[in-house]
Amino acid sequence: MENVSILGFREELADGCVLMKEEQAVRTPVCTPAEKEWKNYSGMQYRRKRKINVKNLLLVTGFLFCTCITLTITLRTVYRAGLPQKAVSFEVKVIHQDKSEKDFQLSSREAFLGAALEEKGMIEGTKGPYGLYVTKVDGEAADFDRDKSYWRLQINGKDALQGADQTPLEEGSQYTWIYTPASR
Amino acid sequence: MKSDRSPSFDVKQICLLALLGSTMYVLKMVLAFLPNIEPISLLILTMAALLGWKGLWSVLVYVLLEYLTWGLQLWSISYLYVWPLLYGLAMVFRREKSRLVQASLAGLFGLAFGALCALPTLFLAGWQTAFSWWLAGVPFDLIHGLGNFVLVWLLLRPLEKLLAPLARRAGF
Numbered sequence: 000m001e002n003v004s005i006l007g008f009r010e011e012l013a014d015g016c017v018l019m020k021e022e023q024a025v026r027t028p029v030c031t032p033a034e035k036e037w038k039n040y041s042g043m044q045y046r047r048k049r050k051i052n053v054k055n056l057l058l059v060t061g062f063l064f065c066t067c068i069t070l071t072i073t074l075r076t077v078y079r080a081g082l083p084q085k086a087v088s089f090e091v092k093v094i095h096q097d098k099s100e101k102d103f104q105l106s107s108r109e110a111f112l113g114a115a116l117e118e119k120g121m122i123e124g125t126k127g128p129y130g131l132y133v134t135k136v137d138g139e140a141a142d143f144d145r146d147k148s149y150w151r152l153q154i155n156g157k158d159a160l161q162g163a164d165q166t167p168l169e170e171g172s173q174y175t176w177i178y179t180p181a182s183r
Numbered sequence: 000m001k002s003d004r005s006p007s008f009d010v011k012q013i014c015l016l017a018l019l020g021s022t023m024y025v026l027k028m029v030l031a032f033l034p035n036i037e038p039i040s041l042l043i044l045t046m047a048a049l050l051g052w053k054g055l056w057s058v059l060v061y062v063l064l065e066y067l068t069w070g071l072q073l074w075s076i077s078y079l080y081v082w083p084l085l086y087g088l089a090m091v092f093r094r095e096k097s098r099l100v101q102a103s104l105a106g107l108f109g110l111a112f113g114a115l116c117a118l119p120t121l122f123l124a125g126w127q128t129a130f131s132w133w134l135a136g137v138p139f140d141l142i143h144g145l146g147n148f149v150l151v152w153l154l155l156r157p158l159e160k161l162l163a164p165l166a167r168r169a170g171f
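Chains as they are written, first to last, in numbering that gives the first Met the number 0: chain C, 0 to 183; chain F, 0 to 171.
Chain F on its own, in the form it takes in the complex (with noise of 0.2 Å):
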């Protein structure tokens, strides 16, 4: 019984999602050296220009990588909005032909990373602390945004054009 709304997939779709969803986490750890540079927000504007919703499914599987990797604790709650949010930005943005824009939205969402994760550190223990704990982060936060900025303005077309052959191949 299978609903006409819900997505179907076909085995090239679900490769290239883990795929793209491990591709994401793998590069994430390659970058981990620098502070706060990270090819996520850049990977998921380009999964969601030419994935469309479909392409939220790798970004669960980064996020359950990550888990896998350093276990749960207070940042995995936001994990479970913040990416998901992106992907929600990207998806209104898909279509947005100007460079600026996009690279602007990324760089925004890299500012606005730590306000974002304080959220749960609101709930628990008041709003005091969310915001000492935001405040001891705006330098990595800025730093996050400048980066997303750069990445995102030099690499989404190129990204785009890369993968999407693959994309249409995967009958995307």
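So that you can see chain C by itself, here it is in the shape it has in the complex (with noise of 0.2 Å):
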């Protein structure tokens, strides 16, 4: 009955390791049947040891880690995103054909001037493959395919490198358009 129970053990574990010490044990019976099985159950020190690399080690490491890195960055932008956005008081200075200036102190909650102005009424324009294309200012028209004349859009008295609706809207700017007639 002992060895039945020892044998279908030892098939269950099929180890060579596990074998020996089992052999011993059936030579020396210090315990009762019952008792070895538990022991052999519980004997961690029969599994084999797992070489720990180091250079694999850091490389799961590294791989949480920047999951975890870019996860957080992922989550702030979009809860950021998802904040409704803070109104922004920036001011408008319009220079008209006839040299005349108009300055408009405005404040919006949108993120960039060109859909704040839309907005308010203030500007017009195409909406074409570069961005929003402005055609109307202040109700003042430049038509470039007529006399090659254009509104220009300065940010804080810089010419503005994005167009009006890639431009981000930001506390205190000075936004200007200038009609600009054609350069001969």
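Hints may contain errors.
In silico SDA-like links for lysine to any residue, alpha-carbon gap of 25 Å or less [as the list claims (entries may be wrong)]: (1) C/Lys50 x F/Phe92; (2) C/Lys50 x F/Val91; (3) C/Lys85 x F/Trp152; (4) C/Lys54 x F/Ala135; (5) F/Lys96 x C/Val59; (6) C/Lys92 x C/Arg151; (7) C/Lys54 x F/Tyr80; (8) F/Lys53 x F/Val91.
FYI, nobody ran anything at the bench for these hints, they're computed from the structure.
Put the two chains together into one complex; each comes in its own frame, and the hints tell you how they fit.
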């Protein structure tokens, strides 16, 4: 009865190391079969030791670390995009064809200048492949096709590098629209 | 005059390398509708395990096909070092038995992809532009990394089993 149970256990493990230990145990029976089986089950020392490879460990932890960082950045971006935009106050200056200047103190919750001014009806334009092309500011139209005139946008006195719909609204900034006739 | 150090190819090997390169290209196009889920990393890991350094040639075939499709732009520079870099890393881990380690390698590469591709921008436009460019792409890097991890975790072993006879027949 004792042998059968031990044999059965041997087959189950199919591990040379365990087998040897069991044979020793059979030769020197100092505990009951039930105790023996429990010792075998709990005999963690029989398990093959796994070598820990520093290179692999670094790689896996590096992956987890970078995942955490990128996940944090992504979640922050998503969270911020969901927040309602704070109202930003800014100044818009329009210099018309007859050199007359008009100042406007405005505030908007939009993220970009183009959307904010369109919402207030200050500018009109057409959406082209390069974004919003502004044709009318403060009621005055500049028709590039007719006389090569256009509305030039400046941010704090410097020419804008992007269209109005891609220009972010910033607190206290001055945006200037200048009617620019064809240069001769 | 052939020196002993130059790797010699026979016709079967050249065909296999070319076919694997174009397979990478086709599979990438098939998966293009999923943002940043790509099979290239998976195939590179498989080829490094089966073909050794010679497999780098099919990566170059793939890069060439990309150039022919999209034309030469700024990203073209990064493709010259990004994929060979992954190939080199895959060669380091080619005998690795643990799926977790290999999947982590692919995942880490995916996460770092944006940063690696930002290097030309760094030299051309300064660190601020490069940093904001990288930051804008971080969500896509995350998808890329996790996608790579899952793909390699699930498909690396089956793919190795599938391609091993092919590689053996070609004499790798």
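Check: Checking against the hints above, which ones are violated?
Finding: 3 and 4
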